[in-house]
Each structure stands twice: as C-alpha cells, then as structure tokens.
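Asks: Single-letter residue listing:
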Amino acid sequence: MEVLKAFQDIEVVYEGWPPLYIKDYTPHITACLAAKPDVVWSTLWGGDLMTFTTQAAGYGFFKATQFISAVGGDTYLHMKKEEVPEGILAGPHNYYFLYPPWDKWPLNKWFNEKYWARYKEPPHSGSCGAYWVLHAYKAAVEKACAIKGEWAEKEEILAALKGIGLDEPAGRRFLRAEDGQAVSYALYGFTKSDPRYTFPILDRMEIIGPEECGPPTGPIDAVAWIRDWAKRK
Amino acid sequence: MLPPDLPIFLLNALTYTCVYFLITAGLSLIFGVLGILNCAHGALYMVGAYVAVTLIKLFGANPLLQFLSMIVAGLSIGLIGILIERFQLRFIYQRQDTYQLLLTYGWVLVFDDLVKLLWGLYPQAASEPYLWAGSSTIVGKPYPNYNFIMMAGSAIVAVLLFAVLFRTWIGRVIRATSMNRELASGIGINVNRTYTYTFALGAMLVGFSGALVIPSTAASVGMGADILVEAFAIVAIGGLGSLKGAFIGSTMAGVLRSFGIAVFPEIETALLYLITAGVLLIRPWGLFGKRLT
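Those sequence lines, one after another, are chains A and B. Residue numbers for the first sequence follow the working numbering, so the first one is 1493 and each next one is one higher. Residue numbers for the second sequence follow the working numbering, so the first one is 2 and each next one is one higher.
Treat the hints as calculated values from the structure; they're not laboratory data. Bear in mind that the values here come from a model prediction, so they are computed numbers and not experimental data. There could be a bad hint or two in this list.
With a Cα cut of at most 25 Å, we get these calculated DSS-like pairs of lysine-lysine [said to hold, decoys possible]:
#  : chain 1 : residue 1 : chain 2 : residue 2
1  : A       : Lys1573   : A       : Lys1606
2  : A       : Lys1612   : B       : Lys117
3  : A       : Lys1646   : A       : Lys1630
4  : A       : Lys1684   : A       : Lys1596
5  : A       : Lys1573   : B       : Lys245
6  : A       : Lys1612   : A       : Lys1684
7  : B       : Lys142    : A       : Lys1612
8  : B       : Lys245    : A       : Lys1572
9  : B       : Lys58     : A       : Lys1528
10 : B       : Lys291    : B       : Lys245
11 : A       : Lys1684   : B       : Lys117
12 : B       : Lys142    : A       : Lys1555
13 : B       : Lys58     : A       : Lys1572
14 : B       : Lys58     : A       : Lys1573
15 : A       : Lys1612   : A       : Lys1573
16 : A       : Lys1601   : A       : Lys1646
17 : A       : Lys1555   : A       : Lys1528
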C-alpha cells in the first residue's frame, strides 16, 4: 500500500485479502463494488482467478471498474472466451504465445507448432521457462566441460551458468553475471475474444523492456525501487 | 454503518443461508437420530461437487439435463451414504465415541485421495449453468441469476425434507427413533434400517448442496474441510439434532458471511467462531438443542 501512495493521484478505497484457495469471492466482490473503485488491481492467480472472474462477471464487476490482473495472461489461456469479459488488463509471467509474432521470431513459431501438436493447448510462461532452463543447463554443462576437457563438477557448471544468455520462444533471456538474476521483458494486453481460439487472447499488447522493469543489482528496497518508477513517469 | 447496496448484500446472505441449511440439516439429522457426529460430512459435500462437475460437463449445452445432473449427484451421495452406514458405521454404534470419530475421519482421508485419483489435483470448474442463467438488475446493479436458482433449489429440497419428516410414515419412524431408540424398537420399528435411511438422507442433502454450488465456484480437494468446520460451528450454535437450530445457525452464518467483509473486515473470518464460542459458554447445548442431563 505504501507503494501505491507513492503515486500521489491514487486513493485506495478498498483492500481485500481473501484466503488462498477460497472458493467464494462474492463478499469481496460486493464490498469492493460498493466502494466504487475506478481500477482494481489483483494478484489472484490460477484456479482462484478463474473462480473470481466467473463470479465477478455475474455482478457486472468488469463493466463497473477496470480490472488489472497481474498474472491473468497465463490463467486466462485455460478459460473459455465466453467466461472472460473483454477489456481486462492482464499480463503473463514472462511469455505470451503470440509474442514475438511468429513471422518475426521463427523460434516462437516452431515452439508453438510443436506444443500445440502435442498438447492441443497454447504454451504458457511455464512452458517457455522450462525450455529456457533445460537449454541453459545444457549450454552451461557444454561450456564447463569444454573448458575443463572432461566432465565438470557442480561448482564449475554453476560458474558457467552465470551470465549465460539464450534465445527462447519469448525472445532472449539471460542470467546476470553479478547475482544470477534472470532478466527478461514484461508484457501486458487487454483480453479480447478471437474467432481463431476458444480462449481469450491479449490484444493491444505492450512490452516493458528489462532495463525499465528488471530489478537493480544488490539489496533492494522494493518500495523505494517502485517509487523510482513514479518519478520516471 | 450498512453498505449502500443493501438489497444485494441481503440476497447474498439469503443464498448462503439456503446452502448452509442444506448442509447442516443433514448433519443435525444424522446426529439427532444416529447419535453420530459425521466428520465425513464435508467429504461427502466434496464428492457431490465432483460428481456434479463430471455430469454437467457431459451434458454440454443442455441446461435442463445439467440441473438434473445435480439432483443425480445428490442421489449418488445418498447411495454412498447407504453403503457407509450399512457396512461400516453399524458396527461401531455400541462402541465408544472415539471410534466414530476415527471411522468418519478415515473416510475423509479416503475420499480426499479417491478424488485426487479420479479427478486430479487441479480445481474442476463447470460454470455452464451459471453462465446460462445470466444476470438481472437489482437496484440498478447486475446480480447473478444463478443465486436465485440456488435459493429456489434449496427451498424446494427443504420443503421436501419437511414433507418427508412430518407428513410421511417414514418421517414419523425417523422422528420416533430419534426420540427413543429402545421404545421405537419395542413397537416394531426396524431401527437398523431407519438408521440407514437417515444417514442416506443426510448424505443426499449435503451431496446435493455440493452439486448446487458447483456452477458458481470450483470443485477442489480442500472444499470439504472448509465447509465442515463452518457446519460444526453452525450446528453448535443451533443445537445438534435440531433442524430449527440448523436454520437459525445457517441464517447467522449467511448474514455474517455476506456483511462481514463490508462491515467488520478485520475480524470477518473469526466472527462466526466468536459467536459459537459465546453460545457454547452460555448455553452449551446450543440455542435449540436438547439440554443434556
């Protein structure tokens, strides 16, 4: 909440803290709507977000306010487009299957074709993350063994991992040499119904580059770091 | 300081009351007649929900069949109840209370794992009826019609329950057995079979309520435990064995759940249990329970 106060023109009218995995959000939905918010920010994810979206739609929640879902980009891939109202601002963890566009980034096209053929559903952040992790490990092992000339120890593979950068379906991701923090971009868009898919897709996508949203090196004061964004804007 | 959209909060309170009543009526009935505190009640609720999810998904776009599926789900839990009572509970009536606790809790564990085995670990949703029902406008705001369906469904079942208990022969037999088991047996009532019917009835009620809530929430493995604790609190307030008590307790819980977050957000989760503690301190047998001698 201190973070939000850094943005002077925001007034917090409602805070809701439903317990994890609770199955009924209607008390929060009705209490939140009664506070008449312009924008609602939520970190609900997975099954909780699915339940919340279904229940809130019945109360006209998404027509009354602008809903921002921090991680809805991944969750909404598993819902039907009839269940998810259009215009929800959502972002995936760090990969959205339609970005980079398949004609511009062949690796994403290849990944999607293989994934759809095997699982009959779109790849999500976890899928791309799994791809990157396995290939990064492979690259680190190859690099460490090439340096050593024989099978490398765990510490040598770890050292080879630092600073490693790889192409992945999402673009390019690398591990910072200083602290091993993975760095990639952030993406968000507005939910929209599309005749090509059974689930809602993200439209009007915008990308925030890693230099803007990646955490600084060293110990971070999260509140101060986010306040810094407010000053930048 | 009441919330501005009072009618919406009241409608929500009514919806919760109806669902809570179905759950706690079964629990109270089972205790009143069999003397068993059914710790597996929440698990039966959960299984009813999962069975309903499967059946609803089977009948893709046909709302009538989907609603019939919920009734069928409830009946199937009644069948499970018959099996549990006849082949397990019957052997422990004469034993200490700890045995019934162990046995019914054992069923909780069995059902939890069965559900994971048959339906997997992730929550299962079947929101087709909820979406089909749409919304209407109350005080200028949209309100989900499915809540009205839940209220109507619960009301119909409650009326049927009272009709069975107070207007039929089997209902008289059940009430007689709850009042005095020995006397009932003495006048020729088959007490064993009565116990089976009653347990099945209680199981059907809770299975149907699990099925009824499914379109608006999702079936998940923890849902039984959540509802069981609340159900115990409600019957503790109302008095074990009393249907009137179950209704009053359900009303309290429904109102608290609907208004709690708006009016008392900091202690909202604890409110019901604070009231339960208060009632137990002042009147341990509950508001409408039988005073223990």
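Asks: Confirm or reject each hint.
Replies: Status of the hints after comparison with the structure:
Annotation: proposed proximity of A/Lys1573 to A/Lys1606 holds, straight-line Cα distance about 23 Å (limit 25 Å). Note on A/Lys1612 and B/Lys117: the hinted pairing holds, with a Cα-Cα distance of about 23 Å set against a maximum of 25 Å. Straight-line distance between C-alpha atoms of A/Lys1646 and A/Lys1630 comes to about 13 Å, which keeps the hinted pair within the 25 Å bound. Straight-line distance between C-alpha atoms of A/Lys1684 and A/Lys1596 comes to about 22 Å, which keeps the hinted pair within the 25 Å bound.
For the suggested pair A/Lys1573 and B/Lys245, the alpha carbons sit about 44 Å apart, so the restraint of at most 25 Å is broken. For the proposed pair A/Lys1612 and A/Lys1684, the alpha carbon gap of about 20 Å is at most 25 Å, so the pair holds. Of the supplied pair hints, the one linking B/Lys142 and A/Lys1612 is violated, its CA atoms being roughly 39 Å apart against a limit of 25 Å. With a C-alpha separation of about 42 Å, the suggested pairing of B/Lys245 with A/Lys1572 is violated against the 25 Å cut-off.
A hinted pair counts as satisfied when its Cα atoms are at most 25 Å apart, and B/Lys58 with A/Lys1528 does not qualify at roughly 36 Å. About 12 Å separates the Cα atoms of B/Lys291 and B/Lys245, which keeps this hinted pair within 25 Å; it holds. Among the hinted pairs, A/Lys1684 with B/Lys117 is inconsistent with the structure: their alpha-carbon atoms are about 34 Å apart, more than 25 Å. Our distance criterion of 25 Å between C-alpha atoms is met by B/Lys142 and A/Lys1555, whose separation comes to about 10 Å.
Between the alpha carbons of B/Lys58 and A/Lys1572 the distance comes to roughly 14 Å, so the proposed pair stays at or under 25 Å and holds. A C-alpha spacing of about 17 Å is found between B/Lys58 and A/Lys1573, which places the hinted pair at or below 25 Å, so the restraint holds. Restraint check for A/Lys1612 and A/Lys1573: the C-alpha separation of about 16 Å stays at or below 25 Å, so the hint holds. A C-alpha spacing of about 34 Å is found between A/Lys1601 and A/Lys1646, which places the hinted pair above 25 Å, so the restraint is violated.
Distance check on the hinted pair: A/Lys1555 and A/Lys1528 sit about 12 Å apart at the alpha-carbon level, within 25 Å; holds.
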